[in-house]
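> Sequence:
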Amino acid sequence: MLGIMRSQSSSAPSAVAVLGIGRMGTAIAARLAERVPVVTWSRSGSSVPGVESTATPGGAVKDVATVMLALFDAAACRDVLTECLQDMSADAIVVNTSTTGPDEARALADLVQQTGRRYLHAPVIGSVPQVRAGNLTILVGGPTDHHPHEVLEALGTPIVVGAPEDAAALKLVANGVLADCLLAIRQALRRVDALGQGRDAALTVLEQTPLSGLVAAKRGRLGAATHPRGGAQFTIGALAKDLALLGRATGAAPDATAVIDELTTRGSLRADDDIADLCTVAAPITGSRHEFADAHLAVAPGVSVASEVLSPLHAYAMGHATGFAEHFRDAFLPTAHIEGIRDGEFVSWDLDTYCALFDGPAPDEQRRRRVIESVTVSGSIANATMRLQHGADTFIDMFVLVRADHGWRIANKVYHREPRVQTPSTEPAVVT
Numbered sequence: 356m357l358g359i360m361r362s363q364s365s366s367a368p369s370a371v372a373v374l375g376i377g378r379m380g381t382a383i384a385a386r387l388a389e390r391v392p393v394v395t396w397s398r399s400g401s402s403v404p405g406v407e408s409t410a411t412p413g414g415a416v417k418d419v420a421t422v423m424l425a426l427f428d429a430a431a432c433r434d435v436l437t438e439c440l441q442d443m444s445a446d447a448i449v450v451n452t453s454t455t456g457p458d459e460a461r462a463l464a465d466l467v468q469q470t471g472r473r474y475l476h477a478p479v480i481g482s483v484p485q486v487r488a489g490n491l492t493i494l495v496g497g498p499t500d501h502h503p504h505e506v507l508e509a510l511g512t513p514i515v516v517g518a519p520e521d522a523a524a525l526k527l528v529a530n531g532v533l534a535d536c537l538l539a540i541r542q543a544l545r546r547v548d549a550l551g552q553g554r555d556a557a558l559t560v561l562e563q564t565p566l567s568g569l570v571a572a573k574r575g576r577l578g579a580a581t582h583p584r585g586g587a588q589f590t591i592g593a594l595a596k597d598l599a600l601l602g603r604a605t606g607a608a609p610d611a612t613a614v615i616d617e618l619t620t621r622g623s624l625r626a627d628d629d630i631a632d633l634c635t636v637a638a639p640i641t642g643s644r645h646e647f648a649d650a651h652l653a654v655a656p657g658v659s660v661a662s663e664v665l666s667p668l669h670a671y672a673m674g675h676a677t678g679f680a681e682h683f684r685d686a687f688l689p690t691a692h693i694e695g696i697r698d699g700e701f702v703s704w705d706l707d708t709y710c711a712l713f714d715g716p717a718p719d720e721q722r723r724r725r726v727i728e729s730v731t732v733s734g735s736i737a738n739a740t741m742r743l744q745h746g747a748d749t750f751i752d753m754f755v756l757v758r759a760d761h762g763w764r765i766a767n768k769v770y771h772r773e774p775r776v777q778t779p780s781t782e783p784a785v786v787t
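Residue numbers (the numbering used here): 356 to 787.
Mixed in with the good hints, there may be bad ones.
List of simulated lysine to aspartate or glutamate pairs, EDC-like, C-alpha gap at most 20 Å [claimed, not checked]: (1) K596 to D610; (2) K596 to D535; (3) K596 to E617; (4) K417 to D428; (5) K596 to D434; (6) K417 to E438; (7) K596 to D458; (8) K417 to D446; (9) K596 to D521; (10) K417 to D434; (11) K596 to D428; (12) K417 to D458; (13) K596 to D627; (14) K596 to D616.
Restraint-style ranges between C-beta atoms, simulated for each label pair [said to hold, decoys possible]: (15) V755 to T512: 52 to 60 Å; (16) G377 to A661: 18 to 26 Å; (17) S402 to P689: 31 to 39 Å; (18) G586 to T731: 37 to 45 Å; (19) P484 to D760: 42 to 50 Å; (20) E773 to T731: 21 to 29 Å; (21) P484 to A626: 30 to 38 Å; (22) P565 to D465: 36 to 44 Å.
Hints were generated in silico from the structure; no laboratory data involved. Backbone N, C-alpha and C define an ideal beta-carbon position, used for all residues, glycine too.
Given the sequences, and given the hints that come with them, work out the whole structure.
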């Protein structure tokens, strides 16, 4: 039965052990340490300033009333519990905030309860800022008599949802909704780019839509001119893990799974990136006909090449279409140079200089067209030619590509600029 958990005792809570000192575990330990004695343990040896830590999980759980798990997955929970269960007080309660599958939550509950100790599965909705403010939503599954009300309420609002497997299932539903919202923001930003609108104004408008909370929380990353690295609050790797659990439990992979897989395979996303970056990196390549309507890019008839070779060319075209440096950085190696004749003078730009030339999409972007006219692959290297129809000018770009650590990238580009010759009958149509 659903219900908000209310304190049944005004007595101060006893000591708490927090096992797992990642982003969430660190925030949880710091928040609780303001109210109750806390001891921590982490396999990595991490610690929280001002909070006692131990070398083993068994050392952390001795003589505490509540053992909180803040671990990555069910396997880690099982390993740690197996190592320290016998060191816990007989009346200790295990509160597991980790996200797991429903079957895994039930198995963990059985593992703890067969020793006579109590288990609550308590995954949370919210991230580090919500922990610090004490306004997490905590989905509590398991027997709620004599449980640590004060500890949970120091972190947010506990909501009783049934058994451990119910709490796990509903957390996966919540994270599935989060992924759906990220895809909706991603699509909205693609439309913003296609319409030539500024990112800052568009985000202000999106904050007035049903996506408002997520846009406001992630606005700093959504509006960044380049792809930020580091500082993630909820990582792509963690979201991908949760979506895999949801897909396994429901028998249908969430839509975001395929997008994340494509972007991480291409190297556009990394496991330690923030989930907001899913909204902003270049769109994945889909379909056997190489359709890139978002960049007004087409492939000439007769040109056939693997999508992983075409992906940096697509990112390059997206850079021209949007003016966002992140797309060029997805396309080029950091050491790349762009060379050609500009205003009668030879120029040779490094990547930073080249990216600085762009400031948003061109006013006539909707009328611009780009065609990949040739691609030749020779083992780990390739060359390609692209014709760009930009207003009154035609650019011929020639690329040298190489298969690097994170897939194919453009090593160098040379270009030629000439007045446009109107030959509409010979241009392949862009599918829109």
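> Please go over all the hints and tell whether each is borne out by the structure.
Hint by hint, here is what the structure shows:
1. K596 to D610: Status holds; Cα separation ~14 Å.
2. K596 to D535: 15 Å, holds
3. K596 to E617: 15 Å, holds
4. K417 to D428: With a Cα-Cα distance of about 23 Å, the restraint between K417 and D428 is violated, given a limit of 20 Å.
5. K596 to D434: 18 Å, holds
6. K417 to E438: 13 Å, holds
7. K596 to D458: The hint holds at about 15 Å.
8. K417 to D446: Holds. K417 to D446 sits at ~11 Å (cutoff 20 Å).
9. K596 to D521: 19 Å, holds
10. K417 to D434: 18 Å, holds
11. K596 to D428: 8 Å, holds
12. K417 to D458: 28 Å, violated
13. K596 to D627: 12 Å, holds
14. K596 to D616: 11 Å, holds
15. V755 to T512: 52 to 60 Å: 57 Å, holds
16. G377 to A661: 18 to 26 Å: 37 Å, violated
17. S402 to P689: 31 to 39 Å: 35 Å, holds
18. G586 to T731: 37 to 45 Å: Holds, at about 41 Å.
19. P484 to D760: 42 to 50 Å: The hinted range 42 to 50 Å is violated for P484 and D760, with Cβ atoms some 34 Å apart.
20. E773 to T731: 21 to 29 Å: Hint holds: Cβ distance 23 Å, inside 21 to 29 Å.
21. P484 to A626: 30 to 38 Å: 22 Å, violated
22. P565 to D465: 36 to 44 Å: At roughly 40 Å between Cβ atoms, D465 and P565 fall inside 36 to 44 Å, so the hint holds.
Of the numbered hints given earlier, the model fails hints 4, 12, 16, 19, 21; all others are met.
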